[in-house]
Amino acid sequence: MTTMTADQAINEALAEEMRRDPRVIAFGEGVATKGYKLVEEFGPKRVRNTPLAEGIIAGTAVGAAATGLRPVIDLLFSPFTTFAMDELTNSAGKLRYLSGGQFAFPMVTLVRTGAGWGVGAQHNHNNEAWFVHTPGVKVVMPSTAADFKGMLKRAIRDDNPVMFFADIGLLYAPGEVPEGDHLVPIGKAAVRREGTDVTLVSYAKTVHTCLEAANALQEQGVSAEVIDLRSLKPWDEETVLASVRKTGRAVVVHEASRTAGVGAEVAATIAEKAFGALKAPVIRVAGPDAPTAASFPLEAAFVPSVQRIVEAARA
Amino acid sequence: MTTMTADQAINEALAEEMRRDPRVIAFGEGVATKGYKLVEEFGPKRVRNTPLAEGIIAGTAVGAAATGLRPVIDLLFSPFTTFAMDELTNSAGKLRYLSGGQFAFPMVTLVRTGAGWGVGAQHNHNNEAWFVHTPGVKVVMPSTAADFKGMLKRAIRDDNPVMFFADIGLLYAPGEVPEGDHLVPIGKAAVRREGTDVTLVSYAKTVHTCLEAANALQEQGVSAEVIDLRSLKPWDEETVLASVRKTGRAVVVHEASRTAGVGAEVAATIAEKAFGALKAPVIRVAGPDAPTAASFPLEAAFVPSVQRIVEAARA
Amino acid sequence: MTTFEMVVDREVTEALETMMLIRRFEENSASLQASGKAGSMCTSVGQEASAAGVIRALGKDDLILTNHRSAGHLLARGADPGRLLAEIMGKATGYCKGKSGSLHISVKELGVVLTSTIVGGELSLATGVGLSLSMSETDAIAVVFFGDGAATEGIFHEAMNLAAVWDLPVLFVCENNQWQAYVHRKETMLADHVSDFAKAYRVAARTVDGNDVGAVHDAAKFAVDYVRKQRKPYLLETYTYRTRGHMEPDDQAYVDKAELAAWKAKDPIQQLEKRLLEHDAITVAEIEEMRARVATRIEEATAFALGSPYPGFDELTTDVYA
Amino acid sequence: MTTFEMVVDREVTEALETMMLIRRFEENSASLQASGKAGSMCTSVGQEASAAGVIRALGKDDLILTNHRSAGHLLARGADPGRLLAEIMGKATGYCKGKSGSLHISVKELGVVLTSTIVGGELSLATGVGLSLSMSETDAIAVVFFGDGAATEGIFHEAMNLAAVWDLPVLFVCENNQWQAYVHRKETMLADHVSDFAKAYRVAARTVDGNDVGAVHDAAKFAVDYVRKQRKPYLLETYTYRTRGHMEPDDQAYVDKAELAAWKAKDPIQQLEKRLLEHDAITVAEIEEMRARVATRIEEATAFALGSPYPGFDELTTDVYA
Ligand SMILES: Cc1ncc(C[n+]2csc(CCOP(=O)(O)OP(=O)(O)O)c2C)c(N)n1
Ligand SMILES: Cc1ncc(C[n+]2csc(CCOP(=O)(O)OP(=O)(O)O)c2C)c(N)n1
Ligand SMILES: [Mg+2]
Ligand SMILES: [Mg+2]
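Protein chains in written order, with the numbering used here: chain A, 31 to 345; chain B, 31 to 345; chain C, 457 to 778; chain D, 457 to 778.
Wrong hints could be hidden among the right ones.
Straight-line alpha carbon distances no greater than 30 angstroms define the calculated DSS-like cross-link-like pairs of lysine-lysine that follow [stated by the list, open to error]:
1. A:75 with D:713
2. C:713 with A:75
3. B:218 with B:183
4. A:64 with D:720
5. C:655 with D:516
6. B:64 with C:720
7. A:75 with C:655
8. D:722 with A:64
9. B:67 with C:677
Simulated from the structure, these hints should not be mistaken for laboratory data.
Keep in mind that this is a model prediction, so the values were computed, not measured.
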């Protein structure tokens, strides 16, 4: 194990995969500037700065992926994906299907989002559900430095377009990362804490809030199991359903706005497939249906709190 | 009552609102060509063709809405919204909030989607859930000619950005439309058929499939209530919950892909708030998590069928 | 080589048959649509010289990206009319198993990669294909066909700029057919030529008479050679006209009759036949033979497509993920 | 009027105080950020002549759109430094109740409408503001400030094209400060001047020395007059440099030292002071008085902002819908 931040884990994952596979390239606004070490090792052709144009950055990745390269692009902050939606959904997501399987799109799109920087809704918008609802793409959003590394490495080896969401609030927190070629499968959830009375399902920053809530619940005599989805499309129904069948209760937690968020899918699936096992309604604890403010106290209040999770678990 | 197609209802609604309010303008690719009658009545300044550029069409509407006009834009087919996502979400959806309420964005964005034309996933992509998950916007998707007219007129009078989804499969089917200034509120569902044993919740084309399913169920001795959401954001929880509390069973139906679709939100809400009343799990009947094919038989197979709904209602 | 010399070049007589094939294929598709046997499609009637002239200037390793108006490009590249028509009809024997239908047909084996019906989509992808080529040991180039309307999408500018800044071997071919669905080009831009936009990107560009297959072929050969050797982008604009309307069926009630008539008088196929006959480069009999050959191919293609099955329901969810 | 004559114009001495205010305000904001009292912000240090020169050429009914680097534009337009700083700190007394923070500050009462930190967002909205003005009985115009990086977003081209085709009274002001966050402009476009792009749209354009407030003011007065009378767009490029880096804090390790030094030597404030003194248009004492006035305003503003409350939690979900 080595200790590093999620941000360092991302860079390590990228460097290792570029070392392993010459087809892996990286580009985006400032990618070469910030990744000057990568430029030194892999050269200016494989690590590039781009013009300030998300549409062509993404489109170029899609076209390159279909013709032999494995691009990793950095679109910086999730609201900037709005300039690349055609390329990410109509092209990367659909052209394999529409071509009858003639092409594959092995590419990774990195974006950041979530509370922590205090710069407002045009930099912080947890829109991962848009992509979870989009055919042909995969979506991951890890919560630990180890998963940032292992899932990015796996995503780069995946033959499909993967949206990699990085929670800003986690990027600079240090964590333990296994040595060597650490890979984490896409589509497999992690049980972060075992429990018997209630299942807390979450991903990204709020997984840690759930773990705190689990401690609080422990003191109140409630044993909470905490599941970290980390992969949102595909997501690990099996692990979640097995847990809920055991505990009979579920609380789904995320920072993204509540309405039609990923939590709706998880809650609806639990309510449908574990119906018989449920002792109480599945409750969602999520951000409000509002843009995120820059003002720090408001930004912080947007995110589900330990208290809200505890109350939901006891409801 | 007069009989007209949904397409005619859209044009009538637009003409009536333009007559009523000089601030209402309409533009988009071919809007003036197809709407030459509107040009004759309202002049070329209020009804315009545009360059082929969805981003600036939407952005222009947002900027105009904030400064006194009430634009209605036609983006043609829902996949084309991908070129206008910044304008529709980061600007129209967030700038009221980020400006502390200084601006309002009274605008309507019309798009078409759904099976019926056989031209594939880059024209047919039911992505309404993206916008339902987007703060600051409203979303409607009517199922009858009367609602096409009444909801478009209401949307044009709304002071917020409204995404108006038109189901291609409904556009040319004739329907009864009330005479006069027919207005249908946004946020209120319609009970299309009363029943006691199961609630079928849907919107757009599949409302009619649900009504057929209800007839089939009737023959099998099952009394189905059919609710047409028609407004997806905000959506009418009250009407849906009241019905499910009565019937104890719910099936949520839509053509859009299942995962993280609008049905997930509706099912999760029912399962949470009507938990005690449920005699069976809430089942979703939706399109597959795949792009839509152009091939007619595949396009048709994508859409929930009467049989699937009946089976779900009896499960 | 000047257009005049081109006239006696046998390449041009071959181009004539290609154009005839495209014309016949598209008129046949349109009538199948009219009789309810096929879904809707966009035809390139009146623009055939652009496809025929540009595509025959390409090498077999060059990669092509195209859009919704692609039948001409595909046929000129050697696509089988039967499989092409089958795709348009949504049949399992089509190049994309019927999943594409008429609007996004790609054929990897012919090097026709990534066709998008999102106007501008093809442009957003072309730079990526160019990037792959620029990073591998090849002198192949990428060629992207797009319309004058696509040039009003911001992505056109982003693509031109990136191709210029990164020295990507991409030949941009703008088929300026004066229309953007139901809107005339003049309503959407003040410049007459899309090639005007190239200068600020420092991209070499040229506009050519898109109804003169010889002129198109000359210009295309120069452009292809430039991109292949310089490993830099080039913008070639083929100035032409869409004489059958946007998408089947289209009564063109919104089209200026005089403008349409003027362009029909410049029909690329009739023009070429006339010129070839004048220069004794072909005989009436030879032209008749060509027509007959083309007619037979289209008949066979139609029989094949009509006789082909639709994809099975299992195809509903295949090819979503690799 | 030439720049030389401008020098003795009292407008320029006023512009000096405006630039001093902007400089002092932004350096003060940056130190508040450094000491953890404010969140991050982008400063326009080195570019003040652009804001000061353009904004004072506007009429009170003209509408302004800006972006993430907006403090200069807002202060030049008369924004209260206290409320502006409060907004940057996310305080309830800020112009946007603290919801915007530093990156999307708009002030309706000053005609600063629709600020977006999405690069290019301001351009996508400017045509709509221009459309509203073009359809009402007014001679007011819309002015949109954007950077050289925004000019590489396709939406810039869509906006220029629509403004040209629809004759919209929009003055496009590109503040070409040679940087796009952590990427140098030269890495993103081959042209040196964003004004090069105007020609193909048939939009009148000019590039001016963005560090010479007199020159900027002259050019802006001409441009504003042109847009106001012609009801047509115009592109004015102020060629300048971002000397403090992209966003606080920024060590500029990636910036070429020589280039930075060369531009710092052309500091717009020092340049103007020197010139005014040379022409006896101002005395050292007067400059000192100005500095003192500015210092007092910034102190008061800081006290106001620091003393202001944060918005209440009820504000979390207000202002979402009208
Ligand atoms: C992004 C997008 N907007 C609109 C459309 C609808 N549409 C299909 S073809 C077309 C016209 C395209 O014009 P042009 O680029 O000149 O190509 P042409 O059809 O003339 O060959 C339009 C508006 C689309 N397919 N994609
Ligand atoms: C669409 C989008 N992409 C990227 C960013 C991140 N970003 C913020 S400012 C900036 C640089 C903008 O450069 P320019 O337009 O020249 O303006 P400047 O900052 O130099 O004033 C970038 C890349 C953003 N805010 N929006
Ligand atoms: Mg065209
Ligand atoms: Mg800049």
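Right, here's what the structure says about each hint:
For the given pair, residue 75 (chain A) sits about 25 angstroms from residue 713 (chain D) by alpha-carbon distance, which is consistent with the 30 angstroms threshold. For the suggested pair residue 713 (chain C) and residue 75 (chain A), the alpha carbons sit about 53 angstroms apart, so the restraint of at most 30 angstroms is broken. With a C-alpha separation of about 15 angstroms, the suggested pair residue 218 (chain B) and residue 183 (chain B) falls inside the 30 angstroms cut-off, and the hint holds. At most 30 angstroms may separate the alpha-carbon atoms for a hinted pair to count; residue 64 (chain A) and residue 720 (chain D) meet this at roughly 24 angstroms.
For the proposed pair residue 655 (chain C) and residue 516 (chain D), the alpha carbon gap of about 38 angstroms is over 30 angstroms, so the pair is violated. Restraint check for residue 64 (chain B) and residue 720 (chain C): satisfied, since their Cα atoms lie roughly 24 angstroms apart, inside the 30 angstroms limit. Restraint check for residue 75 (chain A) and residue 655 (chain C): the C-alpha separation of about 26 angstroms stays at or below 30 angstroms, so the hint holds. For the given pair, residue 722 (chain D) sits about 28 angstroms from residue 64 (chain A) by alpha-carbon distance, which is consistent with the 30 angstroms threshold.
With a C-alpha separation of about 47 angstroms, the suggested pairing of residue 67 (chain B) with residue 677 (chain C) is violated against the 30 angstroms cut-off.
Checked against the numbered hints given earlier, this structure breaks hints 2, 5 and 9; the rest are met.
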